[in-house]
Each structure stands twice: as C-alpha cells, then as structure tokens.
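Asks: From just these sequences and the hints, can you work out the full model?
Given next are the chains, with one letter for each unit.
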Amino acid sequence: MLVLTILKILSVVVIVLIGVAYFTLAERKIMGTIQRRKGPNVVGFQGLLQPLADGLKLFVKESILPSNANKTLFILAPMLTFGLSLIGWVVIPFGESLVLADINVGILYLLAVSALGVYGIILAGWSSNSKYAFLGALRSAAQMVSYEVSIGFILITVVLCSGSFNLSSIVLAQEKVWFCVPHLPMFVLFFISALAETNRHPFDLPEAEAELVSGYNVEYSAMGFALFFLGEYANMLLMSALTAILFLGGWLPLLDIFPFTIIPNSVWFGLKIGGFVVLFIVMRACLPRFRYDQLMSLGWKVFLPFSLGWLILTASVLMSFNWLPN
Amino acid sequence: MLFLLLSIVLIISAILVISAQNPVHSVFFLVLVFLTSAFSLFLLEIEFVSLLFVLVYVGAIAVLFLFVVMMLDIKVTKQEKDFMIYLPMGSFLGLIFFLEIFLTLQENFVPFLPLSGRELYINWLNCIDSLTNIKVLGQLLYTYYFPFFLIAGIVLLVAMVGAIVLTLNFTQKAKHQFVFRQILREKKNSIYLIK
Amino acid sequence: MNFSFLFANDIKIFFPEIFLSLAILIVLIYGVLLATSLTYNYPLISKNIYKLVLFILFLTSLLTMYNPIDYALIFQKTFVHDDLTRVAKLFVLGSSFACLLLFQSYIENSQINNYEYFLLILFSIFGLNLLVSSYDLISAYLAIELQALSFYVLASFQRQSVFSTEAGLKYFILGAFSSGLLLYAFSLIYGVTGTTNLINIKNFCLDPYFEGATIIQIALIFLIAGFLFKIAAFPFHMWTPDVYEGSPTSTTIFFAIVPKIAIMSFFVRLCSFSFSSFDGIWGEILLFSALGSIIYSAFVAIKQNSLKRLLAYSGIGHVGFILLPLSTNTLDGLQAMFFYLLVYMITSLPVWGLLLVCMKGKKNSQNSVSILGGLPTSSPILAILASLAFFSLAGIPPLVGFYSKIFIFFSAIKSSLYLVAFVVLAISVVSTYYYISIVKTIYFEKNKNWIFYEPVTKEKSIVLAVSLILLFFFFFNPNLLLLLSQQMALSVF
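Protein chains in written order, with UniProt numbering: chain A, 1 to 326; chain B, 1 to 195; chain C, 1 to 493.
It should be emphasised that the hints constitute simulated quantities derived from the structure, not laboratory data.
Remember, it's a predicted structure, so these values are computed and weren't measured experimentally.
Please note: incorrect hints may appear among the correct ones.
Covered stretches of chain B, as calculated for chain C (at least 3 residues, CB under 8 angstroms) [stated by the list, open to error]: (1) 99-105; (2) 148-155; (3) 159-166.
Beta carbons: idealized from backbone N, C-alpha and C, even for Gly.
Replies: Here it is, written out as structure tokens:
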C-alpha cells in the first residue's frame, strides 16, 4: 500500500520534473527562433539532451554559502520553494479520476500552496543578507500578494459557475461549454495574474537582471540555484495546468465528437498545458518589463475591481436566471 | 498521534515566537504556529477553516508582518536582564492560571474529547450528513446569521478607512502618471509651431 | 426567483440601524468622490460632511424614537429591541449630536481637515447602537470591534503629533488585549453551553444539573476583565489618562461621554440577565472594582495638574459609582445605575465643553488647571457655568448630581452594604475636595500670565446652556429621568 502510494507520487513528480526540463529547452529554442538564432543544438539530437547536461552541471558545481548569510534559512529557502511547487500537483486531475488526492477543497488548497510560495522567496532574500536579494524578495512578495487577491476573485467566479471547489468537478462542469467562453475577460485576467504570480515577464521585476542582477537568488549557486529554477518552472507549469483546468476544460477534448475523441484525455490536458507554456515563452520574448508602480496600479486598480465586478455580475446573472449549479 | 505531534510543535514554536532574539525569526516561528494550527484543524476535519487560516494568516498577514519587521532595522538586543526580573512573578502567576484552567478543564471538557470516543462507537449521524464544511458555513452565514456577515464587512471597511486616513499623504505636488493621457497623445495634438 | 419575507418584521424594527449604515456608506462614497476630484480642485469637505452627519444623527434618532414595535427579539434572537435599547440608543445619538456641536470649532481650529473624522464617529456610533441592541455574544463582539476600531483611529487622528499617535497605539494594544480576553471568555462560554445566545445561556445557568459552572466562573472573570478594560474601571484603568491626554480633545470628549452607556447596557444585560445566578461571583468582583476606582481616582486626581488627566481620573471615579449599584444586582441598583449614567452624560457636556474653551491653539501646555483662573474676568457666565457643572459632578444639592449619588447610596444600603456605603460616602468627600478646588482655582487664584480663551460659538453656547438648564430642571423634576431609568432597569430582566 505504502509502496503503491510512493510510486503514485513518484510518477507525478518525475513527469513534472521532465516537463520542467523540456520547458527550459523549449524556452531556449523558441526564443532562439524568435530572435533568428538556433538555440542549443549540440548536446544530443538537436540539443534534446541539453537540459540533462545543464542539470548535471549544476549538480556537480560547488555550493557556496555566503559568510554573512543566515545558514539554516539560506539552505531551507530553495528546498521550500521546490517542495511547494511540487506539492501543488497533488490535486491536479490529469484525466477522469487520474488524480493523486481528489479533495473537495482543491482550489483552496492550491491557493494556500501558492500563498506559501512567497515564503521561499522572502526567506531567500532575507537570509542571503545582500541588498539585491532583499530588494528582489520585497518586490516579489508585494507582487505575489497583490495578484493573489484578484486570482482569488477569479477562482470564486469559476467556483460559482461549477458549484464545487473540487478540480475534477470543475472540469466536469465544463462539458457543455468551456468557461473561457462565458468568462473570456476572466480567462485573460487569470493568465496575466498567473504571469505576475510566477514572477514571469513582463512582470519579472523581482528578478530583473538589469536592475537587481537576478534578484532574490543572486547569492545562490549550484544546487540551491537549481532548486529555485526547478521550483519556478514547476510553478509555471502548475499555473498553466490550473488555467487549463479552470477555463479550457482540463482533460476534455475540444468537441465531444469522433475525430477529437481518438486522442486520450490526458493528452488533451498535456496539449493545453503545452499551449500555455508556449504562450509564457512568447510573452517573455516579446514584451518589455513593467515599471513597479505600473505593476501595482494594474493589480490593485484594474484587476481587483474588474474581477470583483465580474464576480458580482456572474452571481447576479446566475441568480436571476436560476442557473445556479444545484 | 499526529495531532499530539503537531500540538507539541505548535507549543514549542509559540514559545520560540516570544523568546527568539531576532524579530524576523520570531515572525517565522509565528508562521510555523499558524501552519501547525491549520494542520491540526485539518486533522479535525475542519478543512475549510484551516485552509482559510493558511491563506489569510500565513499568506497575507504574516507576509505583511515580515515586510515591516524586515524593513525596520531592529538591532538584536539582549533582554535577559529584564526577563530575569519578571520571570519569578510571571511564572508564578502563569502557574496559578495554568493550574486553574487545567483543573477545571479536567473536570468539564475531557469526556467530550473525540480521542476517547472514536474507537468506542461510530457516530452514524456524522456519516449520514454529507454536507461539506463550506456548504454548512454558507448555509448558516448567509441565511440565519446574515447580519453578522454584513457587520463584519463594515468592520473591515472601518479598518480600511482608518488605515488610509492614518497613512495616506495626499499632496497635489506628487506626480502621477495618467496612462490614458499618454495613450491619447498623438502627433496632431502634441507638436505645435511656436512663433 | 423567490423572495422570502422571513425577516420582514425584523428589518422594520432594525430600520434605524439599516438607515445609519446605508447613510454612512453613501456619505463615504460622496466624500471619496468629491475630496479626490481634480475638477473641483480637491475641495475640503469637512464642514459639509459635518452637517450631513448631524442630519443623519437627527434622522436616526427620530427613527429610533418612533419605532413602531416595543419589544422584539430579531434576526434569530441575535438582536433585541426593548425600552433599554431605545433609551440607550437615543442617549448615544443625542450625546454624540451634542458632542459634535461642541467640538466642531475645535476641529476646524486644529486643522483636522480630513472628512473621515466625522465618518469614523458615525461608524463608532453605529457600533455602539449595535452593541446596545445585541442579544448574542457574536453580535456583541462584532459591535465592540466596530466601535473600538474606529476609536483607535480617532485617538491617533492627528498623526503628526507624537502624543496622538502614542495615545492611539496604547489604546490599540490594550484594547486588542481586552478584546482577546473577551473573546476567550466567549469561547469558554460557548464551549460549555454550546450557544452564544443570551437567553439560552441564562437557561443553562439556571439549570441545577448544569455541569459547566466552574468554567462559566472562569469565563466570567475574563469577561468582566475585558469589559472593565473597555469602560476603564479600576484595575484596568491605566490606559485612560494617557489616551485621554494624548488624543485630540474632540476625540477625548467623545470617548468620555458617549460609549459608557452603550457598553454598560450590554454589560448589564450580560451580568444581570444571563449570569444572574452567578451574581455572587461577578457581584464581588464588580464591588471590588467599584470601590477601587472610587478610592483610587479620588486620591490620584488631587495630584493632577493637567485638566485633561484630572477629568480622566474623575471619569474613572464615576465608573466606580456606576459599577457599585450594578454589583448589588437588584432592580433598585440597576435603576440607580442607569440614572447615574444618564446624569453623568448630561453633566459631562458642560465640563468637557469648558475644556474645549481653554484649548486655545494646538499647544498641549495650556492644559493645566491654573488656566481656568482667568475665566471670571474674561467670561463670567462661563465661570458660573463651570463651577455649577463641577458642583453637580461633586453632588451638591441644587443640582441633579445630588440625586444620582444619593440613589446609589440608597441602593447600597438597601442591599445592606453598610460599610461600603460609608466608605464611599467618606471618599466622595475627598473627590468633592478636588472638584471644589477647581472652583477655587476659577474664582480665587490670580493668574500672572495673560490667558486667551477660545471664543464660544453659537452651537457650543446652545449645548452648554441646555445642559446647564437640564441640570437644574432635573433636580426639581427628576420624574422623566427616573421613569426612563426605571424602564431601562425593568427591561433588563
């Protein structure tokens, strides 16, 4: 029984980590294409083994502990980030009843995990005892906390329409129509908030190479850096999966008719995640960075009121047409 | 078993919150207190409240605490001298209080704890009731007790108004960015011929 | 869509509160939109909002007065409406109306231009009204938090002043602590009885086979400690002088006059109604606290130089007088208590109004008692008014303060607390000493320096005159107050 559970967990973790590895490769390749160069193409066939080589390199490098750092917290921070980015995958349904833990407060669980994610970054920034790292951590914490609010409202909108906090039932509620059709603005908002939540371009102020020489993880090298890196990309994958589940019907095929139903459900899910991954990369390649006050005013003055208003609109529409799910 | 372990961690970290020398460390221990209490709530099958605990206290309030504590450049001071003065009296009072509570709780509360009852019988009523935590809360909060919900909203509004009044420095000298003006600016209305 | 008329009557009864809350929200929106509008060049709308607030208070008191139903438990027995709530709410509204009239010019002169000041006062009045009518521990807690939160902000409103922020911080920390005590008590009560409703708790406590009596006793200790914090009675009074001195004077006046009746009326309901069978315990604690506050304040107030601190200590003493009859847990005692409360509110108006007259400018140094020395030459009528008000506080016959004290002694003697009555009588001689020494300062002390007083505005003079007339009127014809206080006391049980 225990072995089976461990195997189940491992199957998810390994798949996520492989996904992360090829996410990085895809990023370099696609960005290379956009910038009219080739990207990594030496290690393996067309550079396919590049992420493994990178991992190996980071693994065998020497870990440096800054002498003024707070040692325990300094070591703890990357582990926390990495662990939290993997924990979230527990509740993600990869297909019908293909889920590790089918708990009925799945969305809240995901929100809680992403709320905890701030701590890894704050810990890293503070314990490194370096100004760049600290500034990066402060920016990142403020940014993540601000965008979590509007993410919360968007999630509540979806929950209102599906009548459940369980991710599988949210997917099943989209059998007739995906939520991205009636909630198109929320879909866009959610994706943008996900960009901000994962500190991605164009909201990558915490890492801003030009200003902060990569922010909260300046002082990290080797395995510590690798864990942060893996954690961030796993988080991005998680956000893409969440967007797919909430708005694009998770594992459901595009249309429930013959040519689409050949492809297995979990492949549909993977395709949707892949689509978002590509979107993440394209965003990075083509958008300039936001200024910090613009970022904050976008989060608090545009997204928050808009998502709140949309929530109330949804609730009143559902109420007045008696469409509330059970 | 797990519950006991969690509560031990909770108590130890709660003690460390007040005894830690570095304020940032004590905030981290506070976070640990919140987390362990949320986990123990989870074990008691109050999953909604426990997750809200993590979301609100850990995800928002403690982060703000950390922010403030980190930005203030507090020197780590040694307060052992003061501590030793207050220790005997404080511990005496604390002990009396503890005994008082302990003895009365011993009398009144222990038989109702689920620890002893769980093995003895199955409460079938609990099994029939299939409502989730959230639904129960919602059904009470939005029907019978809706005035409380509204009043709590007003309390939060007061907090917001107060925070804004006490901190906002409203000056007309501050420069603001007006995005719509920037967007509306065109070649036509921004290039003049000055004679 | 189905609409339910489940709460139709409840909403009718609750209409004053609904009106008040909606009015607050509308005024808030109005203020937010107007005060930040570029087109009107960021106008100062403080005065505007002040008038609106007065109007709202007037309308709310009208609605409260003409409430069509006399007695009801509403919203699932979480709120109550009876004579006690009606009178207490009217007094809360009326006294805050008078307070606003008193300190408007002070606010203008001390350049508190933020319109939120008046809004926060409205919020706290809303909280106090809810507290008066709450019939459930949860609603009471929410109401207490509502008024306390707005009080913290009101105390630290002059954020440039070190005193004000210090006062706000002290008040906040101690207030939060006392709220924690209250919450712990509530949770113990809930843990033992499984209910938060006052009438259900009463039934539990009356049950002879009730097992949680010991826990209820512990909870009562916490409960009383929390409430004593809130009304600033003896062992928990430390914050009062500092907070009163530091906060803007307008806020101090509001703190001193308005909230006591609201907090006390819920506290009385809790003690004499729900935990009536435990009156052995809370009676003793309250008696101790009452004696302590009376004795302590009488001796400490003699030493005070600052007028604000002196009045704060005298306020602590009055809280002692309020708690003393409550500890007897009799109908007479409660009537005496409510009578004292009502009279205290009326008497405090001229006393604190006097303080406002002395607060010229923003300087805190002009706060000492000796500043009253120039009053007879500068404004003889004001001097007479001040000395009469202090006489009434001391309880000297041709004023209504005499009755309020004597009723308290009667109620103590009726419950055969002879020793207590004697001690309090002796101590009130001491307190009379410091009241009269203020009068001595007014009339017989020559001040070497020039003293400047704030001119008395029309509104202020009206409030002062009316309260002074009431002080005399109720001495010769106390029936109205007696009737009101008896109604209030009767509706507790």
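Asks: Given as covered by chain C, does the stretch 99-105 of chain B meet the bar of three residues or more with CB within less than 8 angstroms?
Replies: Answer holds; 4 residues pass the 8 angstroms Cβ test.
Asks: Check whether three or more residues of the stretch 159-166 of chain B sit with their beta carbon closer than 8 angstroms to a beta carbon of chain C.
Replies: Answer holds; 6 residues pass the 8 angstroms Cβ test.
Asks: Just to make sure I understand the rule, a stretch counts as covered if three or more of its residues have a C-beta closer than 8 angstroms to a C-beta of the chain. Does the stretch 148-155 of chain B meet that for chain C?
Replies: holds (count 6)
Hint check: no violations occur; every hint is consistent with the structure.
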